[in-house]
Amino acid sequence: MERTTCRSIALLAALCAGSAAMAQMPPPHPASPAAYPAQAAYPKENREAVGRYLAEGRKLAGADLEADFNWRCLISPLDKNLVFGVQHDGLVPATRVFDNLYAIGQNAVSAWAIDTPQGIIVIDALNSPDEARDILVPNMEKLGLDPKRIKYVVITHGHGDHWGGAKFLQDTYGARVVASATDWGMMESPSRGGGPFASLVPPKHDIEVKDGDSVTLGDFTMKTYITPGHTPGTLSLVFPVFDKGVRHNAGLMGGTGGGSTADAARQQIASLTRWQGITKAAGVDVLVTNHPVHMAATEKEALIRYGATGGNNPFIYGVDKYQRYMGIMSACSRVQLARMGEAAE
20 MERTTCRSIA LLAALCAGSA AMAQMPPPHP ASPAAYPAQA AYPKENREAV
70 GRYLAEGRKL AGADLEADFN WRCLISPLDK NLVFGVQHDG LVPATRVFDN
120 LYAIGQNAVS AWAIDTPQGI IVIDALNSPD EARDILVPNM EKLGLDPKRI
170 KYVVITHGHG DHWGGAKFLQ DTYGARVVAS ATDWGMMESP SRGGGPFASL
220 VPPKHDIEVK DGDSVTLGDF TMKTYITPGH TPGTLSLVFP VFDKGVRHNA
270 GLMGGTGGGS TADAARQQIA SLTRWQGITK AAGVDVLVTN HPVHMAATEK
320 EALIRYGATG GNNPFIYGVD KYQRYMGIMS ACSRVQLARM GEAAE
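Heads up, the working numbering is the position in the sequence shown plus 19, with the first residue counted as 1.
By construction, these hints were calculated from the structure, which means they are not laboratory data. Cβ coordinates follow ideal geometry from the N, Cα and C atoms, glycine included. Any given hint might turn out to be false.
Unchecked claim - Taking lysine-lysine pairs in the DSSO-like style, the calculated list, with each CA pair at most 30 Å apart, reads:
#1 Lys242 to Lys170
#2 Lys223 to Lys161
#3 Lys223 to Lys167
#4 Lys161 to Lys263
#5 Lys167 to Lys229
#6 Lys99 to Lys170
#7 Lys319 to Lys263
#8 Lys242 to Lys263
#9 Lys319 to Lys167
#10 Lys99 to Lys63
#11 Lys229 to Lys299
#12 Lys78 to Lys63
#13 Lys340 to Lys319
#14 Lys242 to Lys340
#15 Lys263 to Lys299
#16 Lys78 to Lys167
#17 Lys263 to Lys170
#18 Lys299 to Lys319
#19 Lys242 to Lys167
#20 Lys263 to Lys340
#21 Lys340 to Lys99
#22 Lys319 to Lys78
#23 Lys161 to Lys242
#24 Lys242 to Lys319
#25 Lys99 to Lys78
Stated by the list, open to error - Just the calculated beta-carbon pair ranges, DEER-fashion:
#26 Tyr325 to Tyr55: 33 to 41 Å
#27 Ala321 to Ala289: 29 to 37 Å
#28 Ala50 to Asp225: 47 to 55 Å
#29 Ile226 to Glu160: 41 to 49 Å
#30 Gly264 to Glu85: 43 to 51 Å
Please take these sequences and the hints and turn them into a complete structure.
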């Protein structure tokens, strides 16, 4: 009996080891290489201009921003399978990034909470009411933030992955919803801004902000700027954050993704150029984005949680590095325009 039991245990262990090994194997290949997915092709591209702008962007990136250059200029426009593999829906730990700024989103898309004595401002609301209820709100509560204190939800642009949960926060907590007039129109259109969001119910039309307006809560002020390109009414933000009591200025470009048409790409280039001027004048030294993968935010947040930053908050880039990052985004928009057969001079 004992020998049989031992054999059974040994067999079970072998089976478990085999299962673990199989679990680590890659998925089976398609039937033939002809079925492999291909990178995007741009048959009308201005090859000389693409090469020139790629070289400019890579030089600007240097070693410290090379990953950002690769993602925006090469991976994102060329390899959608890799993008979807990295930027997938997934749970990540909520993190206090600054004294007053908290990451409360998920792996695919960011949401941020700014805590003030007079209440909380949330930036973006994830994909859906379910995500607002089951991800954003629990993340706030894990960090000691009471969702009943949400006063404003600021929507960076009219794609549903940024406003999908706004109606839930509006209906449940009485939060005021803020967006540009143009992107309110996107949210309220039959397509709900495009993509797989046509069935979403938008929040009740609330606050429209214009270029240069402010969202103010007590002594806290967030400046809003209209930066068309990614969408016609993309909203970009400048606001103060504090690191161990020391003030810094954060800049969130509401849509760093390149435009899907030549006109949108040209708008994006103009907006990024203007944004660089705005943020340089404001002394912006902190990078915040509305998709974690755009700046390896999830990895930076892990370093903060584990106290492995060496005393330097990884979201603090400094003014010069912030400007270089935005310069890379501009160069990559020029690359994309050249892929469409045009050149931006």
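**OP:** Would you list, in rising numerical order, the hints stated earlier that this structure does not obey?
**Re:** Hints 6, 16, 29 and 30 contradicted; others consistent.
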